[in-house]
Amino acid sequence: QKEVEQNSGPLSVPEGAIASLNCTYSDRGSQSFFWYRQYSGKSPELIMFIYSNGDKEDGRFTAQLNKASQYVSLLIRDSQPSDSATYLCAVEASGGSYIPTFGRGTSLIVHP
Amino acid sequence: GAGVSQSPSNKVTEKGKDVELRCDPISGHTALYWYRQRLGQGLEFLIYFQGNSAPDKSGLPSDRFSAERTGESVSTLTIQRTQQEDSAVYLCASIPTTGTGLAKNIQYFGAGTRLSVL
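Quick note, the sequences are listed as chains A and B, same order. Going by my numbering, the first residue of the first sequence is number 1, and it counts up by one from there. Going by my numbering, the first residue of the second sequence is number 1001, and it counts up by one from there.
Worth flagging that the hints you see were computed from the coordinates, not collected in a lab. A couple of the hints might just be wrong.
[Stated by the list, open to error] Dumping the calculated BS3-like pairs for lysine-lysine here, alpha-carbon to alpha-carbon at most 25 Å: (1) 1015/B <-> 1057/B; (2) 2/A <-> 67/A; (3) 1011/B <-> 1057/B; (4) 1017/B <-> 1057/B; (5) 1017/B <-> 2/A; (6) 1104/B <-> 1057/B; (7) 1011/B <-> 42/A; (8) 56/A <-> 1104/B; (9) 1104/B <-> 67/A; (10) 2/A <-> 1011/B; (11) 56/A <-> 67/A; (12) 56/A <-> 1057/B.
[Unchecked claim] Stretch by stretch, here's where chain B covers chain A in the computed footprint (C-beta under 8 Å, at least three residues): (13) 29-41; (14) 99-105.
[Unchecked claim] A short, non-exhaustive set of chain B residues, derived as facing chain A with CB atoms under 7 Å: (15) 1028; (16) 1051; (17) 1054; (18) 1109; (19) 1117.
C-beta: ideal position from N, C-alpha, C; glycine also.
In isolation and in its complexed conformation, chain A is listed as follows (with noise of 0.2 Å):
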């Protein structure tokens, strides 16, 4: 069974402060991560996706990865009220299989 676990939250963060979303997985031989970010009563949007070890960075958007602990990060810098919103952590396996396990979800509130 594939898991893959983030914390419900809601997690709470003051306007221009940096939110930590986290996800882990169970499956070792995952190899491609993806975060997307779902407002409410909306359908889910990709913000970034990785594959390597360490960070890669888009605008205010840090993704962070760490194989061997079997974690993958999100970081948002200087956040925005309508940063505000669930965001998703999915995981796909590795031997070019298409279906990703999807995590439940953190959501955020981001206050001015």
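Following the hints, put chain B in place on chain A, whose structure we already have.
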């Protein structure tokens, strides 16, 4: 079309009735997924279609659920004899499966169908 299109956007039905949900993927996307998302929960994988290959039905929760897809076009998800626990948002997503790196695995979601079983 420009994005993944799902219809209807909302469906209210009575317990025991059959419902059919439709998904029109992005043109050229060979793979299509159905997910179920209950209120406050994550995405639950239901079924995966890739081109003309046999679908992966491993996520279907019961034999009341079935889905079809003709080639790389529209897909329909059918729920027979609906139960109240089937109430959820049903999301469809498609991926390119062509291109470089992980970009070909990015899921593009439709707006979903909100199903309410009374």
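Given hint residue 67/A paired with residue 2/A - CA-CA distance at most 25 Å:
holds (15 Å)
Can you take a look at whether the region 99-105 of chain A is actually covered by chain B? Rule is 3+ residues, C-beta closer than 8 Å.
With 7 residues in contact (Cβ-Cβ under 8 Å with chain B), the coverage given for the region 99-105 of chain A holds.
Is the Cα-Cα distance between residue 1015/B and residue 1057/B 25 Å or less?
Holds. Residue 1015/B to residue 1057/B sits at ~24 Å (cutoff 25 Å).
Minimum Cβ distance from residue 1028/B to chain A below 7 Å?
Result: violated, 16 Å to nearest chain A Cβ.
Hinted pair residue 56/A and residue 67/A, Cα distance within 25 Å
holds (14 Å)
So if I understand the rule, the pair passes when the alpha-carbon distance is 25 Å or less; does residue 2/A with residue 1011/B pass?
Roughly 32 Å separates the two Cα atoms, so the pair is violated.
Holds or violated: is there a CB of chain A closer than 7 Å to the CB of residue 1051/B?
Violated, because the Cβ-Cβ distance from residue 1051/B to chain A comes to roughly 11 Å (cut-off 7 Å).
Can you confirm whether the C-alpha distance between residue 1011/B and residue 1057/B stays at or below 25 Å?
At roughly 23 Å apart (the allowed maximum being 25 Å), residue 1057/B and residue 1011/B satisfy the hint.
Starting from residue 1104/B, check that the Cα of residue 67/A is at most 25 Å away, please.
holds (22 Å)
Is residue 1104/B within 25 Å of residue 1057/B, Cα to Cα?
Holds, at about 22 Å.
Decide if the proposed pair is consistent with the structure: residue 1011/B and residue 42/A, CA atoms, cutoff 25 Å inclusive.
holds (16 Å)
Given hint residue 1054/B near chain A, where the shortest CB pair must fall under 7 Å:
Violated: closest Cβ of chain A sits about 14 Å from residue 1054/B, beyond 7 Å.
Of the numbered hints given earlier, the model fails hints 5, 10, 12, 15, 16, 17, 19; all others are met.
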